[in-house]
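Protein chains: 2
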Amino acid sequence: MNEGQEMEEHFSLLLDKLKEQQMAEFRELFLALHIYEQGQFYQSIDEADRKQIYSYLSPKELADMFDVIEEDNENMKDYIAEMRPSYAAEMLSEMYTDNAVDLLNMLDKSQKAKYLSLMSTEDAGEIKELLHYEDDTAGSIMTTEFVSIVANQTVRSAMYVLKNQADVAETIYYVYVVDQENHLVGVISLRDLIINDDDTMISDVLSERVISVHVGDDQEDVAQTIRDYDFLALPVTDYDDHLLGIVTVDDIIDVIDDEAASDYSGLAGVNVEEVSENPIKAASKRLPWLITLLFLGMSTATLISHYEELVSEASILAVFISLITGTAGNAGTQSLAVAVRRLAVTDEKDNNFGRLIISEVLTGLVTGAVTGVAIFIVVGIWQHNFPLGFVIGMAMLCAITVANLAGSLIPMLMDKLGFDPAVASGPFITTLSDLTSVLIYFNIASLFMQYFV
Amino acid sequence: MNEGQEMEEHFSLLLDKLKEQQMAEFRELFLALHIYEQGQFYQSIDEADRKQIYSYLSPKELADMFDVIEEDNENMKDYIAEMRPSYAAEMLSEMYTDNAVDLLNMLDKSQKAKYLSLMSTEDAGEIKELLHYEDDTAGSIMTTEFVSIVANQTVRSAMYVLKNQADVAETIYYVYVVDQENHLVGVISLRDLIINDDDTMISDVLSERVISVHVGDDQEDVAQTIRDYDFLALPVTDYDDHLLGIVTVDDIIDVIDDEAASDYSGLAGVNVEEVSENPIKAASKRLPWLITLLFLGMSTATLISHYEELVSEASILAVFISLITGTAGNAGTQSLAVAVRRLAVTDEKDNNFGRLIISEVLTGLVTGAVTGVAIFIVVGIWQHNFPLGFVIGMAMLCAITVANLAGSLIPMLMDKLGFDPAVASGPFITTLSDLTSVLIYFNIASLFMQYFV
Numbered sequence: 001m002n003e004g005q006e007m008e009e010h011f012s013l014l015l016d017k018l019k020e021q022q023m024a025e026f027r028e029l030f031l032a033l034h035i036y037e038q039g040q041f042y043q044s045i046d047e048a049d050r051k052q053i054y055s056y057l058s059p060k061e062l063a064d065m066f067d068v069i070e071e072d073n074e075n076m077k078d079y080i081a082e083m084r085p086s087y088a089a090e091m092l093s094e095m096y097t098d099n100a101v102d103l104l105n106m107l108d109k110s111q112k113a114k115y116l117s118l119m120s121t122e123d124a125g126e127i128k129e130l131l132h133y134e135d136d137t138a139g140s141i142m143t144t145e146f147v148s149i150v151a152n153q154t155v156r157s158a159m160y161v162l163k164n165q166a167d168v169a170e171t172i173y174y175v176y177v178v179d180q181e182n183h184l185v186g187v188i189s190l191r192d193l194i195i196n197d198d199d200t201m202i203s204d205v206l207s208e209r210v211i212s213v214h215v216g217d218d219q220e221d222v223a224q225t226i227r228d229y230d231f232l233a234l235p236v237t238d239y240d241d242h243l244l245g246i247v248t249v250d251d252i253i254d255v256i257d258d259e260a261a262s263d264y265s266g267l268a269g270v271n272v273e274e275v276s277e278n279p280i281k282a283a284s285k286r287l288p289w290l291i292t293l294l295f296l297g298m299s300t301a302t303l304i305s306h307y308e309e310l311v312s313e314a315s316i317l318a319v320f321i322s323l324i325t326g327t328a329g330n331a332g333t334q335s336l337a338v339a340v341r342r343l344a345v346t347d348e349k350d351n352n353f354g355r356l357i358i359s360e361v362l363t364g365l366v367t368g369a370v371t372g373v374a375i376f377i378v379v380g381i382w383q384h385n386f387p388l389g390f391v392i393g394m395a396m397l398c399a400i401t402v403a404n405l406a407g408s409l410i411p412m413l414m415d416k417l418g419f420d421p422a423v424a425s426g427p428f429i430t431t432l433s434d435l436t437s438v439l440i441y442f443n444i445a446s447l448f449m450q451y452f453v
Numbered sequence: 001m002n003e004g005q006e007m008e009e010h011f012s013l014l015l016d017k018l019k020e021q022q023m024a025e026f027r028e029l030f031l032a033l034h035i036y037e038q039g040q041f042y043q044s045i046d047e048a049d050r051k052q053i054y055s056y057l058s059p060k061e062l063a064d065m066f067d068v069i070e071e072d073n074e075n076m077k078d079y080i081a082e083m084r085p086s087y088a089a090e091m092l093s094e095m096y097t098d099n100a101v102d103l104l105n106m107l108d109k110s111q112k113a114k115y116l117s118l119m120s121t122e123d124a125g126e127i128k129e130l131l132h133y134e135d136d137t138a139g140s141i142m143t144t145e146f147v148s149i150v151a152n153q154t155v156r157s158a159m160y161v162l163k164n165q166a167d168v169a170e171t172i173y174y175v176y177v178v179d180q181e182n183h184l185v186g187v188i189s190l191r192d193l194i195i196n197d198d199d200t201m202i203s204d205v206l207s208e209r210v211i212s213v214h215v216g217d218d219q220e221d222v223a224q225t226i227r228d229y230d231f232l233a234l235p236v237t238d239y240d241d242h243l244l245g246i247v248t249v250d251d252i253i254d255v256i257d258d259e260a261a262s263d264y265s266g267l268a269g270v271n272v273e274e275v276s277e278n279p280i281k282a283a284s285k286r287l288p289w290l291i292t293l294l295f296l297g298m299s300t301a302t303l304i305s306h307y308e309e310l311v312s313e314a315s316i317l318a319v320f321i322s323l324i325t326g327t328a329g330n331a332g333t334q335s336l337a338v339a340v341r342r343l344a345v346t347d348e349k350d351n352n353f354g355r356l357i358i359s360e361v362l363t364g365l366v367t368g369a370v371t372g373v374a375i376f377i378v379v380g381i382w383q384h385n386f387p388l389g390f391v392i393g394m395a396m397l398c399a400i401t402v403a404n405l406a407g408s409l410i411p412m413l414m415d416k417l418g419f420d421p422a423v424a425s426g427p428f429i430t431t432l433s434d435l436t437s438v439l440i441y442f443n444i445a446s447l448f449m450q451y452f453v
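Those protein sequence lines, which keep their order, are chains A and B.
Sequential numbering of the first sequence, starting at 1, is according to UniProt numbering.
Sequential numbering of the second sequence, starting at 1, is according to UniProt numbering.
So here's chain A without its partners, still in its complex pose (with noise of 0.2 Å):
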């Protein structure tokens, strides 16, 4: 029997004793999965059968399933709803504030208003505190829930702060060494703790180089220093060194993999993770950009027109029309994804904006220079008209050359505007691309038109 069955057969016995109101068995079951797989159960039945729930669990024991629970569910919504309203505001001070602002982020204004209200407040300070700010930045992933000590104790009275702790601290893994005004001013991490003598002094062994990130930091460049560094967890700082808050790592896993997502989703013109499996439905997703495009496609549709005596002329240059087109769509959308990514990976301040164009419109010249040439070549051959294999080569040669300026500076200027460079999407640059293509392919064909035809 393999795992997936193992987890099917617990799952139906589970819902037995849910059905059979059989409290103690089920509580013993249930608890002994690991969260997660709490949460795939829980998600898998329906509202009938979570209610019986929310009276078998404690607002405690169903926060901790919360707090592994994907948060960009549809769902939550609905699952809050369906409790009683007290029930939820106290499962909702008991998760990781983070989570909980996270959920209550989703629901709204009045909503968030009544659950807070039902809160202590104490719980729905710290909720309040994080609620405001804005979003992918440090603040908006950052918990409250660490554990923070002053220099001036031992080992022993730190890993006795450090016990008193681990209950609702969401990592105990660093300790965060603090000053009478809440700066930070180190940490060390529970190894050392757990290497060092009792009595040895926390100012002893504490690391006074702490890298930390600005609350208003935005959340990639976050998960860059993790990345790099090999943090569990980052502490984060207002401007003037407070320590607010910290990130884990586990919420850096999630930010690397939506920003993944949503790049991937920017070159393809279509938003990967919302798709449904209805076929309406998901025409409804991508139909905008289509229908957009489209009207962009359009455009080249008129301009070619306005050469269609030379087509009715040369109907010969009707059949290089995709070729050119398509091949120049395809490096625009190289340079595209190439610019993406560099905007991407280095920092703010090593963009050199020139640099990045100038290297693509050159790398354009190289790549369309030699596919010029090879289809000078092959057409020369094809058509036994090397003139007009010219003709073709050196639209390719321009129209390539164009893509590439176009596909590398189109998300530069986004990214200097301050939008998401992933937005600049594929399918974007390969119909522009089109439009600019043809301009260059029948300006270059009217100018040789005596001598290939």
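Don't read these hints as lab results, they were simulated from the structure.
One or more hints might be untrue.
In this list, chains with the same sequence are indistinguishable; a pair is considered to hold if it fits within one copy or across any two.
[Said to hold, decoys possible] Simulated pairs of lysine to aspartate or glutamate, DMTMM-like, Cα-Cα distance not exceeding 20 Å:
#1 60 <-> 192
#2 114 <-> 309
#3 285 <-> 250
#4 163 <-> 192
#5 163 <-> 197
#6 163 <-> 198
#7 163 <-> 199
#8 77 <-> 47
#9 109 <-> 16
#10 60 <-> 28
#11 109 <-> 123
#12 60 <-> 230
Following the hints, position chain B against chain A.
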């Protein structure tokens, strides 16, 4: 003064000490840095200065730094080669085994053998065990530096074991419990050890539902498990449940990042991680795809040339070639991205091949119908020619549907055949869909020729 400047000054001071041969001052300044920053400094200086470092730092100190330097750095080979062989071998033995293996895998066979022969039998043995695991499996990213204990002891004695291993283990935050035959029977976190009384028996507090992966499991599945359960590390076993090693979360972040970059690269038809700023080099990386697709594009051109007569009769047809190929290409790219993403995030068994294809084709029909009607109206009005509008709209509907079929079917087939579906690049799908779109377009056009000319 911001952090960047501060670091720069620190680096130039370090370099001065190195050049002035002030070993004591250099060591003090250097070792005060975080190991990631040590790595940044090390990688910023030239060979002569690096050689100086090898005489100032112990192999262990250098190994700590090498543990965090990105393993995909191209210069790693050179770094190793410029060390004395015995120094390099000792450094490799001091590194975490998984990282040493990654490094050794970059060297050629004879080099690998040389360093292994210079190590102690024990160290070489540990490395050799990991060397033979296939790329991208749990075995290839696991490390053997974990802490394992037997259940039949108290928390106090377990903590004693932990303290002794804290220096060499890659993580001490999870302690794995094994039986006499090294079968994995449970896990206990350091958090639990700390909370519980010193006299508690491990067997009373360990968690028996330990989640583990098999040594041959795909690294993507390992990453998914760590992500789902919010683990900091995951035990790796053989098929008889013997504990072989652990995978830590920092390696998982690299896996997630690499997989995302490779999906993104696939969609763009260019390896975004390997692109250089040198236009010749960059072009040489991109040209293989471009030229391959150029020849696929040539088939489209050849196909159109068969319809040249049709075009010379009705040159208006040329006007809409790029609109139809472009829009179908955009739709195909959307389908491709959705299919690749779905293959990546869903379990093998849940992948209902047929359902996804049908859903994509239906989505294609819906988007195609909407787009087709829109273009029918626009072209009908613009050209005062509704039969022509009908031909374009009909071609659009069919081309989009076929593009969606290709965009979903091709990655699915590649997955079934054991290839990475992400290799079915966006440019490939658009170029292929150019071909089918043109075929559809001209066939429909010749069918209705008499009505619109």
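Checked hints:
no.	hint	result
1	60 <-> 192	between (31 Å within a copy, 18 Å between copies)
2	114 <-> 309	neither (69 Å within a copy, 73 Å between copies)
3	285 <-> 250	neither (30 Å within a copy, 35 Å between copies)
4	163 <-> 192	both (15 Å within a copy, 10 Å between copies)
5	163 <-> 197	both (17 Å within a copy, 11 Å between copies)
6	163 <-> 198	both (14 Å within a copy, 12 Å between copies)
7	163 <-> 199	both (17 Å within a copy, 16 Å between copies)
8	77 <-> 47	within (13 Å within a copy, 59 Å between copies)
9	109 <-> 16	neither (38 Å within a copy, 59 Å between copies)
10	60 <-> 28	within (16 Å within a copy, 48 Å between copies)
11	109 <-> 123	within (18 Å within a copy, 60 Å between copies)
12	60 <-> 230	between (31 Å within a copy, 18 Å between copies)
In this structure, the hints that do not hold are numbers 2, 3, 9, in rising order.
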